[in-house]
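Engineer: Use the sequences and the hints to build the structure in full.
Number of protein chains: 2
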Amino acid sequence: MQKLYLVGTGPGDRELITPKALSAIKNATDLVAYGFYLDLLGELGRGKTHHDLPLGEEIQRARLALELAASGKTTALLSSGDIGIYAMASVVFELLDRQLQGQENAAQWLEIDIEVVPGISAMQAAASKVGAMLGHDFCTISLSDLLTPWESIEKRLHSAGAGDFVVSFYNPRSKKRDWQINTARDILLEYRPAETPVVLGRQLSRADESITVTTLAELNANEVDMFTLVSVGNSETRKIVNGDKQWVYTPRGYKKKLV
Amino acid sequence: MQKLYLVGTGPGDRELITPKALSAIKNATDLVAYGFYLDLLGELGRGKTHHDLPLGEEIQRARLALELAASGKTTALLSSGDIGIYAMASVVFELLDRQLQGQENAAQWLEIDIEVVPGISAMQAAASKVGAMLGHDFCTISLSDLLTPWESIEKRLHSAGAGDFVVSFYNPRSKKRDWQINTARDILLEYRPAETPVVLGRQLSRADESITVTTLAELNANEVDMFTLVSVGNSETRKIVNGDKQWVYTPRGYKKKLV
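For the record, the sequence lines run as chains A and B. This note's numbering applies: residue 1 is where the first sequence begins, and numbers increase by one. This note's numbering applies: residue 1001 is where the second sequence begins, and numbers increase by one.
Calculated directly from the structure, the hints in this document are not laboratory data. For clarity, every value in this text was computed on a predicted model and none was experimentally measured.
Here are the simulated BS3-like pairs of lysine-lysine, each with C-alpha atoms no more than 27 Å apart in a straight line: (1) B:K1073 / A:K245; (2) A:K73 / A:K26; (3) A:K3 / B:K1245; (4) A:K26 / B:K1026; (5) A:K3 / A:K48; (6) B:K1073 / B:K1026; (7) B:K1026 / B:K1003; (8) A:K155 / A:K175; (9) B:K1073 / B:K1003; (10) A:K73 / B:K1129; (11) B:K1176 / B:K1155; (12) A:K155 / B:K1155; (13) B:K1175 / B:K1155; (14) A:K3 / A:K26; (15) A:K73 / A:K48; (16) B:K1048 / B:K1073; (17) B:K1003 / A:K129; (18) B:K1026 / B:K1048; (19) B:K1245 / B:K1129; (20) A:K129 / B:K1026; (21) A:K245 / B:K1003; (22) A:K129 / B:K1073; (23) B:K1129 / A:K3; (24) B:K1245 / A:K73; (25) A:K155 / A:K176; (26) A:K245 / A:K129; (27) A:K245 / B:K1026; (28) A:K26 / B:K1245; (29) A:K26 / B:K1129.
Structural biologist: In structure tokens:
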């Protein structure tokens, strides 16, 4: 049977890759991913055919994975984080959908047994490093306007503000997109205090990890790049300092209940 | 050094517990959790002191974990899913915060080295089982009004609707709370189509797992219990059927870009 695994490999730390993801990678003869992720696999990737495609070519990568699996090769398509969250899984199902609608010429794709293996997403890694930022209702917003018009993103930012959700920004910045995160900050400042805690996580759980705790007013595109996860607290999120350790957490609710 | 691990053990499947979580459990001499979760550990839990407290006693459980760690016992406080998402981690930091504000009498808590280990949350497990429901912007809303007034939750439901977020409901129902999920459905129906796909995941990744795909109009409290994760698609989420297999995915964006 043709088999395609869609595998989330977590934020980077080998200790955060699930056994299920490791098994999928072990079973596969062919791995499809960015070269960068393939390097991270080290030993695990040995003896397998690596298919590396440059960043940005998501559709070609998904097609390649489907083609390889359809040809009988047990294939694993890898994304860092959770492959189901802003990653390759939805691209694969979009292509499958196109085939079902007769917009592709790849009937053999429909024979593939697809298995999705979730992974720890960047917002979870960042939250765990600083405490419990995602302790109450939260949302995620991608600031990339390549596939979503900026007006839709802006509307969503207002909704996130009005609903007082903790907000995690994915794709906060790229070489060509440098102003979006500052605009997002300004919109959220209409709804929550300037001193709202903000966590910047970069290269999470990797050797060169950096975590910065700042405030919403001080959030600035200059300190954000395409590898940064930005999480903004809600109106109740608190930063606490215990000696040289700082924590950020969002309480479970809004009632000032006696603990 | 006093050590307290806050560990997310994932949705239930042993293959979805991270190696980091397993190491934390192995290092601990004392485990604090619901009896139910302790049972799931099987072998892993052997030779350790188990501290079981009934469901609902979150604060006592967090206090107990802090007290055990402060007394010098390497302790792991466990939650299923991600301990940072609607779970015990924020309760522990709330207590620490109270101590820092002089509202507790437990100075030794401040000496504890706390380490948070994230886990796969229920929404991720559900999404992976049906495809890629979380492929674009999403939010989570707890429908429990024990600690958050219903008016706040209702406001948030409207924000989620207006922002067209994929919505995952945690704590959708309990014995005493039976109408909230139906009200949530009615609010979302003001913003998105009746046929919007909805996924109900119960006992995810466990032996008695059940996954149901329905529509927003058909979502009903009768089919939901306290172990159910409910995820509602956004206006672009699609259900596709390939033979006897059905998938639900949310496309990456809103532009009808040629794939």
